[in-house]
Amino acid sequence: MASPTEGTTMIPPSPFHIDPKTNEPYIPLPAPWGPKIRLTPPRLSDADCLVTHFNDPRVYPNLTGPPYPFTQEHGTGAITKWMESSNMLWKQVLNGKKCVGGCPVRIIRERVVDQEGNETGEDIFLGDVMVARSKFVEIADDEERERKAEENAKLEDGDENIVWTIGDFLAPSHHNRGIMSKAIEAVLDFAFRKEYMNAKRFVVTAYSHNIGSQRTLEKNGFKFNEEVKDRVDLSKLVGRGEGRVSIKVFERVEA
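For the sequence shown, my numbering assigns the number 1 to the initial residue and increments by one for each residue that follows.
Honestly, I wouldn't trust all of these hints.
Per label pair, the in silico range of CB-to-CB distance [unchecked claim]:
1) 113 with 65: 30 to 40 Å
2) 150 with 251: 18 to 28 Å
3) 65 with 221: 20 to 30 Å
4) 116 with 236: 51 to 61 Å
5) 117 with 221: 51 to 61 Å
6) 113 with 142: 45 to 55 Å
7) 223 with 177: 39 to 49 Å
8) 132 with 221: 35 to 45 Å
9) 156 with 32: 31 to 41 Å
10) 229 with 122: 44 to 54 Å
11) 251 with 20: 35 to 45 Å
Just so you know, these hints were derived from the structure itself, not from any lab. For glycine and all other residues, C-beta sits at the position ideal for the given N, C-alpha and C.
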């Protein structure tokens, strides 16, 4: 991760803070969870956490991307790519790039406190919330989906016509506490700012059985758009078995 002064004298703008121990940028979650719980860049050590959570039966059935079983090699490969992307985005923010193509902090961490309530300087990996350009997974027609995804990918960062999406997961130990709702709120605040991403439209999908994710989206101003029956062919997802699963589509548009 680039240091706050590497190659520039620019002071990181709000909403970023710099952790004095790790020198990492972070965004604290909104109340009541921040600053104890925050969004930070990924670290190579997070690979072990991905392996644990992506093999957890309380987590992986709600995901569409990672293979199952999820190996150490998978974890290291994923985290390495996330780190490269995060570092690039942070450098762009530091150097004053008008608009960037994502949020440089995505890993949800909780600061550890001692019995007196003082921070120990350590933290716990809780999950991930990622912003990316939509690939329109809700569209069943392969040709149309690929065409729209290609058009979306070609738009310049900051273009108001870009369609964005969110992918996320949270450690089961911290489910049902409103943490992911606040994490998404923090990411959206960053994305909607004109000086950072200038995002105007998000389209996010969730499996129809994943009621928790749907409620989290609704808490963040997303409106139900449609349900696409039997959209996901589980046989095409490594290790997920057979059958098909429906998805629900949610959308949020900023003026």
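Against the structure, the hints come out as follows:
1. Taking the beta carbon of each, residue 113 and residue 65 are about 33 Å apart, inside 30 to 40 Å as hinted.
2. Taken as a hint, the range 18 to 28 Å holds for the pair residue 150 and residue 251, whose Cβ atoms sit roughly 21 Å apart.
3. At about 25 Å, the beta-carbon gap between residue 65 and residue 221 stays in the expected band of 20 to 30 Å.
4. The given range of 51 to 61 Å is respected by residue 116 and residue 236, whose C-beta atoms sit roughly 52 Å from each other.
5. For residue 117 and residue 221, the hinted distance range of 51 to 61 Å is not satisfied, since their beta carbons lie about 34 Å from each other.
6. Between residue 113 and residue 142 the CB atoms are about 50 Å apart, so this pair conforms to the stated range of 45 to 55 Å.
7. A hinted range of 39 to 49 Å is violated for the C-beta pair residue 223 and residue 177, which are about 24 Å apart.
8. Range check, residue 132 to residue 221: Cβ separation about 19 Å, and the 35 to 45 Å hint is violated.
9. For the pair residue 156 and residue 32, the beta carbons lie near 38 Å from each other, so the given range of 31 to 41 Å is met.
10. In this structure, residue 229 and residue 122 meet the distance hint of 44 to 54 Å, their C-beta atoms being roughly 46 Å apart.
11. Restraint check, residue 251 to residue 20: a C-beta distance of roughly 40 Å satisfies the suggested window 35 to 45 Å.
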